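Student: Construct all of the structure, not just a fragment, from the sequences and the given hints.
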Amino acid sequence: MKQSLFTVAENRPLAKDVWQMTLRGDTSAITAPGQFINIKLAGHFLRRPISVCDWNDESVTIIYKVLGKGTDEMTRMTEGTVLDILTGLGNGFDTAKCGDKTLLIGGGVGVPPMYGTAKRLLSEGKHPIAVLGFNSKCDVFYEEEFRALGVETRVVTVDGSYGQKGFVSEALGEGYDYFCACGPVAMLKAVSDASTSDGLLSFEERMGCGFGACVGCTCKTKYGNKRICKDGPVLTKEEVVW
Amino acid sequence: MVNLKVNLAGIEIDNPVIPASGTFGYGQEFAQLYDINCLGTFSFKGTTRDPRYGNPTPRIAECPSGMLNAVGLQNPGVDKVISEELPALKKIFHKPVMANVSGFSIDDYAYTCEKLDKEEQVGWLEVNISCPNVHNGGMSFGVDPVAAAEVTRAVKSVTKKPVFMKLSPNVTDIAAIAVSCEEAGADGISLINTLLGMRIDLKRRAPILANKMGGMSGPAVFPVALRMVYQVYEAVKIPIIGMGGVSSAEDVIEMMLAGATAVEIGAGNLTEPYLCRDVIAALPAVCEKYGIDNLESIIGGAHHG
Numbered sequence: 005m006k007q008s009l010f011t012v013a014e015n016r017p018l019a020k021d022v023w024q025m026t027l028r029g030d031t032s033a034i035t036a037p038g039q040f041i042n043i044k045l046a047g048h049f050l051r052r053p054i055s056v057c058d059w060n061d062e063s064v065t066i067i068y069k070v071l072g073k074g075t076d077e078m079t080r081m082t083e084g085t086v087l088d089i090l091t092g093l094g095n096g097f098d099t100a101k102c103g104d105k106t107l108l109i110g111g112g113v114g115v116p117p118m119y120g121t122a123k124r125l126l127s128e129g130k131h132p133i134a135v136l137g138f139n140s141k142c143d144v145f146y147e148e149e150f151r152a153l154g155v156e157t158r159v160v161t162v163d164g165s166y167g168q169k170g171f172v173s174e175a176l177g178e179g180y181d182y183f184c185a186c187g188p189v190a191m192l193k194a195v196s197d198a199s200t201s202d203g204l205l206s207f208e209e210r211m212g213c214g215f216g217a218c219v220g221c222t223c224k225t226k227y228g229n230k231r232i233c234k235d236g237p238v239l240t241k242e243e244v245v246w
Numbered sequence: 105m106v107n108l109k110v111n112l113a114g115i116e117i118d119n120p121v122i123p124a125s126g127t128f129g130y131g132q133e134f135a136q137l138y139d140i141n142c143l144g145t146f147s148f149k150g151t152t153r154d155p156r157y158g159n160p161t162p163r164i165a166e167c168p169s170g171m172l173n174a175v176g177l178q179n180p181g182v183d184k185v186i187s188e189e190l191p192a193l194k195k196i197f198h199k200p201v202m203a204n205v206s207g208f209s210i211d212d213y214a215y216t217c218e219k220l221d222k223e224e225q226v227g228w229l230e231v232n233i234s235c236p237n238v239h240n241g242g243m244s245f246g247v248d249p250v251a252a253a254e255v256t257r258a259v260k261s262v263t264k265k266p267v268f269m270k271l272s273p274n275v276t277d278i279a280a281i282a283v284s285c286e287e288a289g290a291d292g293i294s295l296i297n298t299l300l301g302m303r304i305d306l307k308r309r310a311p312i313l314a315n316k317m318g319g320m321s322g323p324a325v326f327p328v329a330l331r332m333v334y335q336v337y338e339a340v341k342i343p344i345i346g347m348g349g350v351s352s353a354e355d356v357i358e359m360m361l362a363g364a365t366a367v368e369i370g371a372g373n374l375t376e377p378y379l380c381r382d383v384i385a386a387l388p389a390v391c392e393k394y395g396i397d398n399l400e401s402i403i404g405g406a407h408h409g
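First to last, the sequence lines map onto chains A and B. Residue numbers are given in the working numbering: position 218 of the first sequence equals residue 222, and the series is strictly consecutive. Residue numbers are given in the working numbering: position 82 of the second sequence equals residue 186, and the series is strictly consecutive.
None of these hints come from the bench; they were simulated from the model. Being a predicted model, the structure only gives us computed values, none of them experimental. One should not assume that every hint holds.
[Unchecked claim] Restraint ranges, calculated between C-beta atoms of paired labels, are given here:
1) B:Tyr138 - A:Arg151: 43 to 49 Å
2) A:Pro17 - B:Ser169: 27 to 33 Å
3) B:Glu354 - A:Lys169: 58 to 64 Å
4) A:Ser8 - B:Ile196: 22 to 28 Å
5) A:Ala100 - B:Ile210: 49 to 55 Å
6) B:Gly405 - A:Ser8: 35 to 41 Å
7) A:Arg28 - B:Pro168: 28 to 34 Å
8) B:Lys184 - A:Ser201: 32 to 38 Å
9) A:Ala33 - B:Ala385: 18 to 24 Å
10) B:Ala251 - A:Glu174: 53 to 59 Å
C-beta atoms are modelled at their ideal positions from N, C-alpha and C, and glycine is treated no differently.
Tutor: Here it is in structure tokens:
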């Protein structure tokens, strides 16, 4: 974990209530896709934990949903705004576990960590397949970005207004040998039940600190209590207690 | 050269800054961030007789200038703390540690304290009779002077280490509880634990916390905590550890002027992981600014007759 100052380089809307922000700063603590950063916002006591979508040596890109006052204020941050951020939090997706044909399943703002995971898998010479789920056409984002990586990409909407109608758990198909998933817990459960392979699931929880100190985000697993922020957010399908 | 040392119930500590229980685990997470030997000491995670998972999630909510938690005393139980956490701590922390203990019966408190009394690295016992997040225990002892005295006596009979009773602010007269603990033999008083609070999710029209209510902490509670430290200082002669929303060297000095011998920092550690280290580093300059050359000499300095 590293605490440092980042500068907003870009901040723009992607879909309904969904924004993308690129932050320039020291990204050396980020080691795996699926990790998150914890952002201090003026006037709010707790930091805002947001998953990493993509990163390089100079900047990190996050995609965030406007859920409350804090994230609403983030939408008004202009280029040059300086933010105090903890980076390199959580375990992230261990791509060494992933097979050649790994399904990357993202639901809503569970999609962003799948993008960094796709890039990591491609760099390892693997051939991931993206399954991106949204409620409706107005919520869809990053389809083109996944395709631009050369990744086979399926889009699913709950109301059928775009792509295949239904839930991501109904669009897993066949021929995959592993999966990585991030999204609402009901989606993760449905994916876990429907999947025919082993896989990794990334969970969300209200956090106090984000680095394992307060045990505010504990869950039970087959191997004892785990902190979503420090021991997770990624757990194996096999260890999850639903 | 400012002298930051204070004597905490017979043990001299290098400075009065102590991370509060429940915000610092058993030290390991913060030891990865900085050398925790800079601390006066720290109060480890509230430990009970048996292992506890704690409450269901969500356990955390935010409020203006603070937060609510309803963790519910998650801990591995005293046996594992002794067999795993303390040996691991010994490698990274070379000072006496404060053992924070909670329970659900007077026997529980005595059992856990008796075990921790045998641990060399434990310098003090901080007995939490004020946890608002568990049922049939914790706070029920801390809101009744008679029950608070009974726990104090039970713990004192099984240990020779100094015992600090950690009090709840969710009472009408905290000084009366403190006096009751002092009369029962307590070596010191810690205050305040969290204030019972609540938040409701507008979309779900339901409490945010699965436990419905939780303990409020953070800068928002600082004036309440300060006032209670001031009141307790006037009522007892034993040392006080003041806590509640402390987040700067100035806050530490303010707490000490109100009557605290040492000061715990809790919620601040969670949002500013280097806070305790930074407060300690800032103390000498802030002391000089206010003409303090010996920090211990200012304890209770705001009480004038």
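Student: Starting from the hint list further up, note which numbers the structure goes against and sort them upward.
Tutor: The structure breaks none of the hints.
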